[in-house]
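**Student:** Take the sequences, apply the hints, and build the full model.
There are 2 protein chains.
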Amino acid sequence: MAQGQGDYRILHEADLRDYLAGVPGLKALLGGEAASWRITEVGDGNLNLVFIVKGARGGIAVKQALPYVRLVGESWPLPLSRAHYEYLALMRQAELAPGLVPAVLHHNEALALTVMELLEPHIIMRKGLVAGTQYPRFVDDITTFMARTLFFTSDLALSAAEKKEAIAAFAGNHALCKITEDLIFTDPYRIAEQNRWTAPYLDGLAASLRDDMDLHVAISRLKLKFMASPEALIHGDLHTGSIMVTVSQTRVIDPEFAFYGPMGFDVAAVLANLLMAYFASAAHERAPGERAAFEAWMLETVEQVWTEFARKFLDLWRAGAAGDAYPVSLFAGEQGAARLEAERQSYMQRLFADTVGFAAAKIIRRIFGLAHNIDFELIDNPKQRAVSEARAVRLARAMMVETDAFSAIADVTNAARRLRNWLPELAAG
Amino acid sequence: MAQGQGDYRILHEADLRDYLAGVPGLKALLGGEAASWRITEVGDGNLNLVFIVKGARGGIAVKQALPYVRLVGESWPLPLSRAHYEYLALMRQAELAPGLVPAVLHHNEALALTVMELLEPHIIMRKGLVAGTQYPRFVDDITTFMARTLFFTSDLALSAAEKKEAIAAFAGNHALCKITEDLIFTDPYRIAEQNRWTAPYLDGLAASLRDDMDLHVAISRLKLKFMASPEALIHGDLHTGSIMVTVSQTRVIDPEFAFYGPMGFDVAAVLANLLMAYFASAAHERAPGERAAFEAWMLETVEQVWTEFARKFLDLWRAGAAGDAYPVSLFAGEQGAARLEAERQSYMQRLFADTVGFAAAKIIRRIFGLAHNIDFELIDNPKQRAVSEARAVRLARAMMVETDAFSAIADVTNAARRLRNWLPELAAG
Numbered sequence: 001m002a003q004g005q006g007d008y009r010i011l012h013e014a015d016l017r018d019y020l021a022g023v024p025g026l027k028a029l030l031g032g033e034a035a036s037w038r039i040t041e042v043g044d045g046n047l048n049l050v051f052i053v054k055g056a057r058g059g060i061a062v063k064q065a066l067p068y069v070r071l072v073g074e075s076w077p078l079p080l081s082r083a084h085y086e087y088l089a090l091m092r093q094a095e096l097a098p099g100l101v102p103a104v105l106h107h108n109e110a111l112a113l114t115v116m117e118l119l120e121p122h123i124i125m126r127k128g129l130v131a132g133t134q135y136p137r138f139v140d141d142i143t144t145f146m147a148r149t150l151f152f153t154s155d156l157a158l159s160a161a162e163k164k165e166a167i168a169a170f171a172g173n174h175a176l177c178k179i180t181e182d183l184i185f186t187d188p189y190r191i192a193e194q195n196r197w198t199a200p201y202l203d204g205l206a207a208s209l210r211d212d213m214d215l216h217v218a219i220s221r222l223k224l225k226f227m228a229s230p231e232a233l234i235h236g237d238l239h240t241g242s243i244m245v246t247v248s249q250t251r252v253i254d255p256e257f258a259f260y261g262p263m264g265f266d267v268a269a270v271l272a273n274l275l276m277a278y279f280a281s282a283a284h285e286r287a288p289g290e291r292a293a294f295e296a297w298m299l300e301t302v303e304q305v306w307t308e309f310a311r312k313f314l315d316l317w318r319a320g321a322a323g324d325a326y327p328v329s330l331f332a333g334e335q336g337a338a339r340l341e342a343e344r345q346s347y348m349q350r351l352f353a354d355t356v357g358f359a360a361a362k363i364i365r366r367i368f369g370l371a372h373n374i375d376f377e378l379i380d381n382p383k384q385r386a387v388s389e390a391r392a393v394r395l396a397r398a399m400m401v402e403t404d405a406f407s408a409i410a411d412v413t414n415a416a417r418r419l420r421n422w423l424p425e426l427a428a429g
Numbered sequence: 001m002a003q004g005q006g007d008y009r010i011l012h013e014a015d016l017r018d019y020l021a022g023v024p025g026l027k028a029l030l031g032g033e034a035a036s037w038r039i040t041e042v043g044d045g046n047l048n049l050v051f052i053v054k055g056a057r058g059g060i061a062v063k064q065a066l067p068y069v070r071l072v073g074e075s076w077p078l079p080l081s082r083a084h085y086e087y088l089a090l091m092r093q094a095e096l097a098p099g100l101v102p103a104v105l106h107h108n109e110a111l112a113l114t115v116m117e118l119l120e121p122h123i124i125m126r127k128g129l130v131a132g133t134q135y136p137r138f139v140d141d142i143t144t145f146m147a148r149t150l151f152f153t154s155d156l157a158l159s160a161a162e163k164k165e166a167i168a169a170f171a172g173n174h175a176l177c178k179i180t181e182d183l184i185f186t187d188p189y190r191i192a193e194q195n196r197w198t199a200p201y202l203d204g205l206a207a208s209l210r211d212d213m214d215l216h217v218a219i220s221r222l223k224l225k226f227m228a229s230p231e232a233l234i235h236g237d238l239h240t241g242s243i244m245v246t247v248s249q250t251r252v253i254d255p256e257f258a259f260y261g262p263m264g265f266d267v268a269a270v271l272a273n274l275l276m277a278y279f280a281s282a283a284h285e286r287a288p289g290e291r292a293a294f295e296a297w298m299l300e301t302v303e304q305v306w307t308e309f310a311r312k313f314l315d316l317w318r319a320g321a322a323g324d325a326y327p328v329s330l331f332a333g334e335q336g337a338a339r340l341e342a343e344r345q346s347y348m349q350r351l352f353a354d355t356v357g358f359a360a361a362k363i364i365r366r367i368f369g370l371a372h373n374i375d376f377e378l379i380d381n382p383k384q385r386a387v388s389e390a391r392a393v394r395l396a397r398a399m400m401v402e403t404d405a406f407s408a409i410a411d412v413t414n415a416a417r418r419l420r421n422w423l424p425e426l427a428a429g
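Residue numbers (the numbering used here), protein chains in the order written: chain A, 1 to 429; chain B, 1 to 429.
Note that these hints are calculated values from the structure, not bench results. Check each hint, because a few of them may be wrong.
The list cannot tell twin chains apart, which means a pair is met if one copy fits it or any two copies do.
For lysine to any residue, the following SDA-like pairs were computed, each having C-alpha atoms within a straight-line distance of at most 25 Å [said to hold, decoys possible]:
(1) K27 - E117
(2) K54 - Y19
(3) K383 - E95
(4) K312 - D212
(5) K178 - F331
(6) K225 - T403
(7) K27 - L370
(8) K312 - G172
(9) K127 - A28
(10) K27 - A332
(11) K312 - G333
(12) K127 - P24
(13) K225 - A169
(14) K225 - A168
(15) K225 - R311
(16) K178 - G320
(17) K225 - Q349
(18) K178 - A332
(19) K127 - I39
(20) K178 - S229
(21) K225 - A332
(22) K225 - H107
**Tutor:** Written out as structure tokens, the structure reads:
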């Protein structure tokens, strides 16, 4: 994965134009003269350069990793090898969940550069949710993506040998894992330079989380699970900013955090970000009740994401598990089949508990850590924003510390519904 | 790890003599003319060639991997790369637990050959236990070995990046893991050609294990834990046949099954094999009560292996954990320190539960699977052997299915003591 890194250079617009013109397949796809191609840098993420290139015939998206965190600059270096792991993950996801990730058209390892189909007119799902848009395809697509990518890379589908080789193939992506370990599982719970929150309203809440030792034990157990439970190839950053949608299509993008980790982390990312969209919604209303239908859809979507994911995952397991875990030879006959089915349900229950805990961690980091999201950030009135955030944090704290009290997804949505109009006590502004 | 495998050849006595004579350090250590060296093949394990070579000045042990399972022959191929992993593990163990593994004097990757210090007058501990010998150094040495090798290769001592690289470095040893997965976690619970047991006395018990779906769920959960919980660098085969002892010294040998797996598996191997020695002891008596002191020492040793291991592991953790798990910055102040200490105890409790389950698996495989042990095999009278084995299996079944009932090591030893004279109903002989 390190080969040819000496050939790396950052491709600015003119270099990129020359480079693309030199790749016959891409040149043909774009069409017309290279000089006529319109190139726009659109990277609004935190890490990379992203260009949209349009020619007379068609368009492409070009992603190039930078040797540092774009958001912060050269003082925070980050290995280019992440482009290698993103490419590996994209290819595996395309194989397992066809049509749900962008097609890769070209990859250059030395340049840490990947060219993909242009997703148009897709938008980042998070933007649509802030606007109150409902996406009727979303549940079916995202649950198919998760069920298939997680099941088929797990011990239920792989031999132990294949699994170990696959874990090793992603082991080098630890710099990206480290970002998650620090920013999600550690910093929000201690004084850290990069933390921020809606001050002064959440100052008291931030301080209470730093003193909450039950919470610190819970987040530390989750951190250990994240580091040392290579259950499946997870996307690793599956929030609504990594999902592009139209009303009829869903595409999962940006798997550069991919590695073998706990399955619940991916499911949790989806659920946590839907829950945050729900809690932010009240503050995006222009008139009371204006977004009631959207909010109802949001909670229904939270429920369906879990139930449909679990149903599809179980169906794949029942349809024939070729992996070394739970060998069918140990569950022969009617009695064996019944016992195995009961164990499958227990397995999903354990996965649900992981998911509840990880979802809580994903919420708290977006409110007290480095990276926030526009669901909350676009609420102009800081006091109103703090109210929405405090509701989300109240749910998250319960989910992380009293995880056993959430034994079904309805326990989560009911708790969210009860907090819809809860008025927290905030520090004076 | 595959480099130069084309140069592999099996070294028979004459080749070995020439080879050793060509390595100046070894030649000097042995002393005298190569022609005078006494070379004896002593491999009584299942997999490899082992030679003892003695010269005028000193002696060495030479271990060479064969490209197949020695016990079975060329029909069961096994990769030579296991010698590479054994060497890696030996070097790491020597660093972490100095003086508790044989010193490596020479390693040849292409020949899958390792030369070690000759352990003399050490004997295989299992043989000593069959004879009823007590080893006063054993508890302290084996618990130091386990606490240090497990702690310092875990997430408590390593950064997540170091841990992932270390996992990857051992990922290729999956053929050896597969032996464990099949022979310990699968075959004893189903019809399998290689299974054997003390027939006809245990025929009924063997059949009942094959029909026991609670047991099959429990063993399947343990198998999944074995495959997908890379907690630390484990020895992987730490039974009393992999330990060489004198009354004053202990050396752990043969870590060719080493990989990143669940810590409880190693502790369990030690406990399970001590428990089997205990259950076999009654049948090795020449007069009633003759081995009472040995048996009391045996159960006391079982207790101390756990309590001393746990004490040393916790002391290492308290002394300063440099790993990414449980960051001390989240447990500041008196209240934080107290909560972290409580969590350390919970952590050990979870590790104890794993240990209880794995120990049960280790017992059952030795009675119904392919590989048996001389503790039981040297009981001449098959009916008496079956009685001893049935006692061990009764305890093992409870430990695996009702693991929660064993919350402390005394629960295990008390149950063993109660079964000392239990008379099982056996099939007619």
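**Student:** All the hints need checking, so say for each whether the structure fits it.
**Tutor:** Status of each hint after checking the structure:
1. K27 - E117: within (13 Å within a copy, 66 Å between copies)
2. K54 - Y19: within (15 Å within a copy, 67 Å between copies)
3. K383 - E95: neither (46 Å within a copy, 57 Å between copies)
4. K312 - D212: This pair counts as neither: shortest intra-copy Cα distance 37 Å, inter-copy 29 Å.
5. K178 - F331: between (40 Å within a copy, 20 Å between copies)
6. K225 - T403: Close inside one copy (15 Å) and across copies (22 Å); limit 25 Å.
7. K27 - L370: Classified as neither: same-chain Cα gap 40 Å, cross-chain 62 Å, threshold 25 Å.
8. K312 - G172: Answer is neither: 31 Å inside a copy and 32 Å across each miss the 25 Å cutoff.
9. K127 - A28: Close neither inside one copy (33 Å) nor across copies (75 Å); limit 25 Å.
10. K27 - A332: So K27 and A332 fail the 25 Å test inside a copy (57 Å) and across (59 Å) alike.
11. K312 - G333: Classified as within: same-chain Cα gap 24 Å, cross-chain 47 Å, threshold 25 Å.
12. K127 - P24: Neither: 35 Å inside a copy, 72 Å across copies.
13. K225 - A169: Answer is both; intra-copy 20 Å and inter-copy 21 Å each pass.
14. K225 - A168: For K225 and A168, the Cα distance is within 25 Å both inside one copy (18 Å) and across copies (18 Å).
15. K225 - R311: both (24 Å within a copy, 24 Å between copies)
16. K178 - G320: between (35 Å within a copy, 21 Å between copies)
17. K225 - Q349: Classified as both; 16 Å inside a copy, 17 Å across copies.
18. K178 - A332: For K178 and A332, only the inter-copy Cα distance (22 Å) is at most 25 Å; the intra-copy one is 43 Å.
19. K127 - I39: Within one copy only: 23 Å inside a chain, 76 Å across chains, cut-off 25 Å.
20. K178 - S229: both (15 Å within a copy, 19 Å between copies)
21. K225 - A332: between (32 Å within a copy, 22 Å between copies)
22. K225 - H107: neither (32 Å within a copy, 37 Å between copies)
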